[in-house]
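Using the sequences and the accompanying hints, generate a full structural model.
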Amino acid sequence: MPWRLLRFALSKKHPEPRMFTRHDRLKPAYDVVIIGGGGHGLAAAYYLAREHGITNVCVLEKGYIGGGNTGRNTTIIRSNYLTPEGVQFYDESVRLWQDLAQDFDLNLFYSNRGHYTLAHTDAALRTSRWRAEVNKHFGIDSEVVGPEVVKKAAPMIDLSCGGHAPILGALYHAPGAVARHDAVAWGYGRGADMRGVEIHQRTEVLGIGVVGGKVAGVRTNRGNIATNKVLCAVAGATPRILDMVGIRSPIYIHPLQAMVSEPVKPWLDPILVSGSLHVYISQSARGELVMGASLDPYEVQSTRSTFDFPESLSAHMLDMFPFLSNVKVMRQWAGMADMTPDFAPIMGRTPVEGFYLDGGWGTWGFKATPVCGKTMAYTVANDREHTLITGFGLDRFRNFALTGEKGAASVGH
Amino acid sequence: MKIMTCPVNGPRAISEFAYGGEIRSMPDPATCSDDEWADYVFNRNGSPGVKREWWCHLPSNTWFVAERDTARDVVLRTYLYEGEG
Amino acid sequence: MRLPAQPGEWIDRTTPLGFRFEGRDYTGFAGDTVASALAAAGVSMLGRSFKYHRPRGLLSAANHDVNAMMQWGGMPNLRADATPLAAGMDLEAVNTFGTLERDAGSMLGHLSRFLPVGFYYKAFHGKRLFPLWEKMFRAMTGLGKVDFSAPRQRTPKRYGFCDVLVVGGGTSGLAAALSAAEQGAQVALVDENARLGGSTQGASELVGKVLAHPRIRVFTDTYAAGYYADHWVPLVERERITKMRARAVVVAAGAFEQPAVFRNNDLPGVMLASGAARLIRRHAVQPAGRIVLLAANADAYQALADFIRAGIEVAAVVDLRGTLPSEQRALPAAHDIPLFAGHCILEALPSSDGRRVAGVKIAPLGQTQAIAELACDGVFMSVGWAPAAALLYQAGTKMRYDAGIEQFVPEKLPDGVFACGRVNGVHTFASRLLDGERAGSAAAAHCGLGGAKPIAVPTETDSPTHPWPIVPHPEGKNFIDFDEDLQLSDLENAIQEGFDNIELMKRYSTVGMGPSQGKHSNMNALRVLARATGATPGEVGTTTARPFFHPVPMSHLAGRGFTPERRTPMHALHEAAGAVWMPAGAWQRPEYYAIHGLTREACIEGEALAVRQGVGLIDVGTLGKLEIRGPQAAEFLERVYVSKYAGLKTGMTRYAVMCDEAGVVIDDGVIARLADDHFYFTTTTSGAAAVYRELSRWNTLWKMDCGIVNLTGAMAAMNLAGPKAKQVLTGLTDVDLSLPFLAVREGNVCGVPARLMRAGFVGEWGVEIHVPAEHGARVWQALMQAGQAHGIRPFGVEAQRLLRLEKGHIIIGQDTDGLTTPGEAGLDWAVKMDKPFFVGQRSLAIIASKPRPRQLVGFMLPADHAGPAPQECHLVIDNGDIAGRVTSIAWSPALQRHIGMAYVKPGMDAAGSTFAIRLSDKTLVSAEVAKTPFYDPDNLRQKEEA
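Residue numbers (our numbering), protein chains in the order written: chain A, 1 to 413; chain B, 1 to 85; chain C, 1 to 946.
Derived by calculation from the structure, the hints in this document are not laboratory data.
What you are looking at is a predicted structure, and each value in this text was computed from that prediction instead of being measured.
Some hints here could point you the wrong way.
Claimed, not checked - Pairs of lysine-lysine, DSBU-like flavour, derived with a Cα cap of 30 Å:
(1) K453(C) x K209(C)
(2) K152(A) x K835(C)
(3) K127(C) x K265(A)
(4) K122(C) x K62(A)
(5) K12(A) x K51(C)
(6) K398(C) x K62(A)
Claimed, not checked - Beta-carbon label-pair distances, calculated as ranges:
(7) G196(A) x F837(C): 39 to 45 Å
(8) L10(A) x A71(B): 40 to 46 Å
(9) R102(C) x A174(A): 36 to 42 Å
(10) D69(B) x N879(C): 53 to 59 Å
(11) G202(C) x R7(A): 52 to 58 Å
(12) F837(C) x I23(B): 14 to 20 Å
(13) A845(C) x A174(A): 44 to 50 Å
(14) G49(B) x R7(A): 49 to 55 Å
(15) A863(C) x I23(B): 54 to 60 Å
(16) L10(A) x D415(C): 54 to 60 Å
(17) R384(A) x T599(C): 54 to 60 Å
(18) E148(A) x P131(C): 22 to 28 Å
To be verified - Listed below are several chain B residues computed to face chain C (Cβ distance under 8 Å; list not exhaustive):
(19) K2
(20) I3
(21) A18
(22) Y19
(23) G20
(24) P29
(25) D34
(26) W37
(27) V41
(28) W54
(29) C56
(30) N61
Ideal Cβ placement from N, Cα and C applies to all residues, glycine included.
Okay, structure coming up:
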């Protein structure tokens, strides 16, 4: 039993202060307004305050903090991307993740479990090698391994996957991890709050004032705010905010669903992903199997569930793990994913001066939370893109200079 | 499963259909600027709302237009494509 | 204790069933649940709690008792309160360390002061120690165990259709089903219990009518797992799922009785009055001998009558309300049962072994000093209800909080969705009948069957739910959430820490996140939050009710698990010839044909050599095969492919590359002109469906005078290639085989109408033969037979890959990726920018004005290369930086060296220059840029008259 839990037993009153200060009203002006109180927005606020000394900041959240995709993803963290831009960016994120719990003094259950992307076809195996080689080039621990290594990591798996999708090998990524997603938002939120940032929940942005091509203010359901800098961090709903400033983007929204089983005694250590079977799975510290699949096939801007999803995902789960027939699925849910044509985010300055964009997060936004916060804080503070994000600018589409992440994105979570 | 009504084959499960994206008009490639063309190729109207979309009933290969509220995922009307507007 | 026969009991006393629990033998009856059989045997402790491993027993006896979960062999997490007893069951409680009796985990209960809400966020995160702590956590969490040897179960699914689906076979659901059916609707009535009638007595007459009604289909022992768009409701039975499509849905799901919150309210013996009544009525089990009834509504007094009838001694009725209607007072008075109005149970007292309630302390509501202590072995609670509104929420119902009955009720129902009974805020028996009739009639009317009857349902005069059934206690252990072991203070502390939004409170404290998904905790948690923040329950609102209503086994969800696979007409012949299969999209294709005693490599090399030196035959029937006809067919093809086809002569073919609108290469194939207005063309195997679909879309948009047909499945196709191919074919066809390279002819092969295309993909004299699918096998066999004399060999995908690589032909998807332009892939020659329009043209014009980022080149390893060769996707390295990647590589038997293709940076593509490829072990291998084709550079062999 850690000593630090002693105080709870010794103290008569619960010895914990509020994590987030309640602010009854908005101030008339802020140096920076961050739209979106998810992991990304709160992280940007945190680093603005901590690393750039900018604390006259408010975070506006329409619902509650961490209630969007931060709390709806399947919490996988990895850096085994395909492009040099992607690999270096996510690698920095993994590095930040590893120290985050200490930074926050909050246990995020950052759990390094190892990540296997299973290859069932020779084409998938080729892509695995491509990713492994690019990863290794940047010093990241990824390797193509044979089926016997998969079997060793998850001895109970049916390597033939029901006989119709034999596992030929896998991309093994040692740093692959999972974390307690909600806590990430809380940690950044508390850290930002402690440094003077105001977090306003249940505050909806209704409009953004642009004067002469520059951001002038933000209109909300709780009043107007003057500001010259706005950071948009609302992945899953980015186009709505972009419409307010008249910026066109390639972002389109598809739902991504997930489901979780009843708790069973932990038996699965690594994180497994199968592009061919559209399955990704890990087992949480609570013993629940956390499972996901591919994007829904058409645009929807709601978090409705479909029954086709647990049906097909369960069938594929049983291909891999036939013995789970009696395990029950407890809950399903959905998030909305900002998709882009090249499966890479859109970050940085925009044609509207003072309007910064952190969007296009598709299905890979959670793992990028720390590095996004850090690089967007830099970008907002200096009005200049951080070097790690120069490849992700909105203008790459105008210039036909897309990033190549799509090449590997059979399942991108 | 959700139902989509094919104008030719009637109401069917949505798994029989493929989504073809919002119907967008192509600028004249001969006269438009590079920026206008890039906007056409890449940019989308990603905000929720009622959209005119391409849908295809796969077993019969029937392309048609669906007017759908993407915020509620409610199909308001479907009909065969007759041209713009 | 088992009671004498009860009217309408569910057990069959003539069929005793023996079973084991925790190593001891017991006997129950058919019709028992595991829990009722154990209760009859006097076993009250059925499990241990999730966190503190406290003894727990029955709570609801209604499939929500997640503290009474059992393991039976490979079946984890069986809910004892809802699992029918079966002979020979050998059960254990889940989540114990040791046994249920001696659970080492119970020491955690003593540590609870150290383990406040969210304690795991507050410690254990030392970087070095976390992995150890985590190991410990993982050893402690979870419930049942997975049995790795359990077989996969395949459960078929059914599709059902009805006019009106009624969810819930209680009073209002029965009335709704009858009223809808009487208006002419085909009705499906579903209830999760083994029998209809719900939890209230008095509906038996209705049950008879419903069961006899020809238009009502009854699903008992079945639950509606969720509501999905367009009235799509999966009904989960024991053996299968029926996916029900309804035209209207009536939700008559009732309400969950809610526990009161007081110290030790989790002791075995403390249970919901409705649960105790169920045990008595259904299973003739007396759950306790002497009880205290905690009441706050009329339902409590109806249950009291049940308890008295069952011979239970009632020590007292404790009613949270200060004043109560006289008819409720009458019953305890008549039986000389003390009634403590305006009082609460301050705490329940455990027996000496801590495993059952042994008494209660009673205090006036709001006071902390007990005025009486009563001995009892049961505490039954009836203090309020929460609507079972999950399906209503999922359907998009707007709910409001009705302060008159202290309950959320539907405010605005979606089209075609109706609610009645307790879930609709209607609790009185007579009113439920009326409300059901009203909803059933309205649902039938929604389906166009009759008119909605105007039925007024009286509003409740007496609230069935107490607004604050929660009693604080300085010592805690007053549980709000039994799944997650959350006490009142846990929620209060979470709120203090800033988690003062219902969703945040849930996520931080995990209230409602356990297997029962908050059925007995969400409402009380919401009340705690409302009180702490000075809001009304309506302002606080509920969390989202996601599917499923009860957890659903994966086997049921998976069903039979279809994996459709496509086979060409020659599949059986390949199989007989030793084909080793590889998937190509949904298709299965021979990778190569295994020969006993030879390695894979040797087989592939042998197949390739046969083509180079003799003759080979490959099944190419998986290629997409499309036909386009009409006056504007040529113009259409010119718009969707990058090359020109208007000038293609009838009887000739031409390579075809397709781009998307961004100018990225997405497909290729060969276009054959059969007549002025008639073309036959191929696509890649994986692209066939998408290309056909996309071309059809363009044609819908452009309205050109031509039509496209997909012949992929209708035609078989094979490529006969090699210097002896012509000899093989001679005599089998009426087509003049002097046809030139790239020509197409229609004629007969083996008496079957065929299209013959002189193709050059593998670089030998070859002809692609397309015949109707039904004749494919016959033609293949005839060719193989005729080829025998010439040493013909069937060849697979791997040999073809090698042969085409020797010719420098690219494979879309292998030598291209999601961003490759024709120029990068060396296909500039095919792109005709001087056409008026083609898809991707404008983008390619823009791209042409920018520097090209990469170039696909051919390369060779030195002839004397020793050691491991590079593999596909090994990187090209230039000055320590990534400069490209290998897309294809193979050992060429014809050239006796490794050849391949790779992307390199511009400036590195000059023939004869060298570049480095890095292997997985970081060794660098030097490669030389080479012109393609590597083999027969002037393409003489494929053009030659053989």
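Do the Cβ positions of G202(C) and R7(A) conform to the proposed distance bound of 52 to 58 Å?
-> 56 Å, holds
Status of the given 49 to 55 Å range, CB of R7(A) versus CB of G49(B):
53 Å, holds
Q) Should the hint that P29(B) touches chain C count as held when the rule is a Cβ pair under 8 Å? A) Holds: closest Cβ of chain C sits about 4 Å from P29(B), inside 8 Å.
Inset, instruction - With a cut-off of 30 Å on the C-alpha distance, tell me whether K453(C) and K209(C) pass. - result: 20 Å, holds
**Prompt:** Falls inside 44 to 50 Å, the C-beta gap from A845(C) to A174(A)?
**Reply:** 46 Å, holds
query = Does the interface hint hold: is K2(B) within less than 8 Å of chain C, judged Cβ to Cβ?
reply = At about 4 Å, which falls below the 8 Å cut-off, the nearest Cβ of chain C leaves the hint on K2(B) intact, so it holds.
- Item | When the least beta-carbon distance from W54(B) to chain C is tested against 8 Å, hint result | This hint holds: W54(B) lies near chain C, its Cβ roughly 6 Å from the closest one there, short of 8 Å.
* Asked: Are G196(A) and F837(C) spaced within 39 to 45 Å by their CB atoms?
  -> 58 Å, violated
- request: Measure nothing beyond the straight line between the CA atoms of K12(A) and K51(C); if it is 30 Å or shorter, mark the hint as holding.
  value: Since the Cα atoms of K12(A) and K51(C) sit roughly 22 Å apart, the hinted pair holds (cutoff 30 Å).
Is K398(C) close enough to K62(A), meaning Cα to Cα at most 30 Å?
19 Å, holds
Discussion item. The hint names C56(B) as touching chain C; please verify it with the least Cβ-Cβ distance against 8 Å.
Written reply: 6 Å, holds
- Message: Within 53 to 59 Å: is that where the Cβ-Cβ distance between D69(B) and N879(C) falls?
- Response: Since D69(B) and N879(C) have Cβ atoms about 55 Å apart, the given range 53 to 59 Å holds.
In this structure, the hints that do not hold are numbers 2, 7, 8 and 22, in rising order.
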